[in-house]
Amino acid sequence: MHIPENYLSPSTCAVMTAAMVPVWVNAAKKVKTEISKEKMPLLGIGAAFSFIGMMFNVPLPGGTTGHAVGGTLIAVLLGPHAACLAVSIALLIQALLFGDGGILAFGANCFNMAFLLPYAGYAVYGLLNRKSSSEKGRLAAAALGSYAGINAAALAAAIEFGIQPMLFHTADGQALYCPYGLNVSIPAMMAGHLTLFGLAEVVFTTAVLAFVTRTSPDIVKGRPTERSGRPMLILLALLIAVVPLGLLAEGTAWGEWGTDEIAEVVSGGEVLGYTPAGMESGFELSTIMPDYTVAGLPDAAGYIVSAVIGTAICVIAFRLISSGMKQKTNYN
Amino acid sequence: MNIPDWMNEETEYIPQRDREGFISRSLLSLLGTLSRFRSNGKVRPGKTAAETRLICSLLTIVMVSLSRNAFFSYAVLALLLARICFLPSDRLPAVIKGAAGAAAFSVLILLPSVFMGSPRTMLTVSLKVFISAGILGLISACEPFNRITASLRSLGIPDLFIFILDLTLKYIVLLGEACEEALTAIKLRSVGRNASKEKAFSGVLGAAFLKSKKMEDDLTDAMACRGFEGEYRPPAKRSMTGYDICAFTFILVLFALFLFLERSI
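Going down the list, the sequences are from chains P and G. FYI, my numbering numbers position 99 of the first sequence as 99, with every residue one higher than the one before it. Count along the second sequence from 1, then add 1000; that gives the number in my numbering.
For reference, chain P alone in the conformation it holds in the complex (with noise of 0.2 Å):
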């Protein structure tokens, strides 16, 4: 659900950043008071299980490609602010150094995947929740607010896509950015996110919520402690290891296509025959592992490096936080 570099026009990104600040600014104000210094390096692990997640590339036949995100696993562990503010971690680093998602598409996948996603989910959530007290009704709470929200994000960025050949076009009607419109985009996107996408968010929205659950329930409780993220850290180590099985699903995800390939993609049966041209003439930024793989050496040990200098860079950032942080101390 990465919009790449060049699909959304200038203009639209301009906006989208402009949306996502204040809800930066606020999350980071409500992050400062809710998360306290023991609670900021799970931050950094609920931001490594995204990124990781979103290595997982699951195949819808069709040839496309989604993953699941994690944003309302962070929301349900630790509140939805927490969440928007470790997706947007992942997805900085995915856009600066492995070029997944644009950079100036930012703030246009935060706000897909770091706001609409994780706030959304826990909504629905919290309103499911708040009927059942057990550990399953729980679950069944998160498992439909992950799929709420994945989709709300599917939802969202299909718009986002639809919108542009719309705005942007030259005179003889090709598409300056994104060639399809809404009723290609919509259908197509929501297609995979309904069915087998939403899916595999669920599953691992679940697993690892039953596996933390299971494991340290002092941090379900919200009273966590300094040796609460060593589970979740070996189920990292983990998921790292297999992290090659994300590699299988061949085929670019809709609306990822990359330049050289977009002009032959097949859409109701029509090839579509050109490079639109604020593709062909946009911002590239190099970066220094392009789609998670070095040139001339098997993709999977370049996806394992990838995957293990993404999960150290998040847990180390919001362990720094943690450390620049003063102790609350409660004189009650």
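Please keep in mind that the hints were generated in silico from the structure rather than gathered at the bench. None of these values were measured; they are calculated from a predicted model. The C-beta atom is built at its ideal place from N, Cα and C for all residues, glycine as well. Warning: the hint list may mix true and false statements.
Quick look at which bits of chain G chain P covers, simulated, 3 or more residues with Cβ under 8 Å [to be verified]:
1) 1066-1074
2) 1078-1085
3) 1090-1099
Sample of chain G residues lacking proximity to chain P, with all beta carbon distances greater than 12 Å (derived) [stated by the list, open to error]:
4) M1001
5) D1005
6) N1008
7) I1109
8) F1115
9) P1144
10) V1173
11) S1196
12) D1221
13) R1226
14) T1249
Given the coordinates of chain P, assemble chain G onto it according to the supplied hints.
Positioned in the frame of chain P, the structure of chain G alone reads:
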């Protein structure tokens, strides 16, 4: 008993504000340096011998510097970051700040290469600097300093260097503590506006110098009393533990990867 008149007078002295921030700033930076030594003093030695750690780290740094394959640097970066993730919270910021500071400095120096058309140079060199500084930071975060200096002996470094290094580390802490006490005294006595603060402040360094001279005399006497001539006995031969063997195997694997990647260029 009659209380004299001057005792009944109201004291109305409100000291004027003066620029005395320099005392606090110096004290803070001094305490920062001292705290690094003190936190290293709390480090318990790890299971691997300090010599093994030192040798493996130096070999890794040499391999990273010599490699022409970007993937090798990324792989070592991944391992370094994964190790840093597991450091305790009091040592992690120091390691990251040291490595990031060194890398930022290299970025600054190599910025002209971006304008000359090869930005890859800046990224590659800064990455290697980050890795090297990170590895060295890890050593100081995981081993107490006295073990590191002791391990230098087994690397074949001459006794004189180890002697100077040992004394330097000890006397940074001792003289630093003396300066800390002097600065705290000045801070407490700084009331109101007067010119003697600057004089007292420069006196701290002079006092430290005199104190170091006295400490040097004491040290010479102590060395003479104990018959120490600057010779460090080689440490008792330690047999290789399982941890040492693991460390050396790891370095061998890394070396094999290095050769494989160099040949494939």
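Structure-based check of each hint:
{"no.": "1", "hint": "1066-1074", "result": "holds (count 3)"}
{"no.": "2", "hint": "1078-1085", "result": "holds (count 6)"}
{"no.": "3", "hint": "1090-1099", "result": "holds (count 4)"}
{"no.": "4", "hint": "M1001", "result": "45 Å, holds"}
{"no.": "5", "hint": "D1005", "result": "46 Å, holds"}
{"no.": "6", "hint": "N1008", "result": "41 Å, holds"}
{"no.": "7", "hint": "I1109", "result": "19 Å, holds"}
{"no.": "8", "hint": "F1115", "result": "15 Å, holds"}
{"no.": "9", "hint": "P1144", "result": "21 Å, holds"}
{"no.": "10", "hint": "V1173", "result": "24 Å, holds"}
{"no.": "11", "hint": "S1196", "result": "36 Å, holds"}
{"no.": "12", "hint": "D1221", "result": "44 Å, holds"}
{"no.": "13", "hint": "R1226", "result": "43 Å, holds"}
{"no.": "14", "hint": "T1249", "result": "19 Å, holds"}
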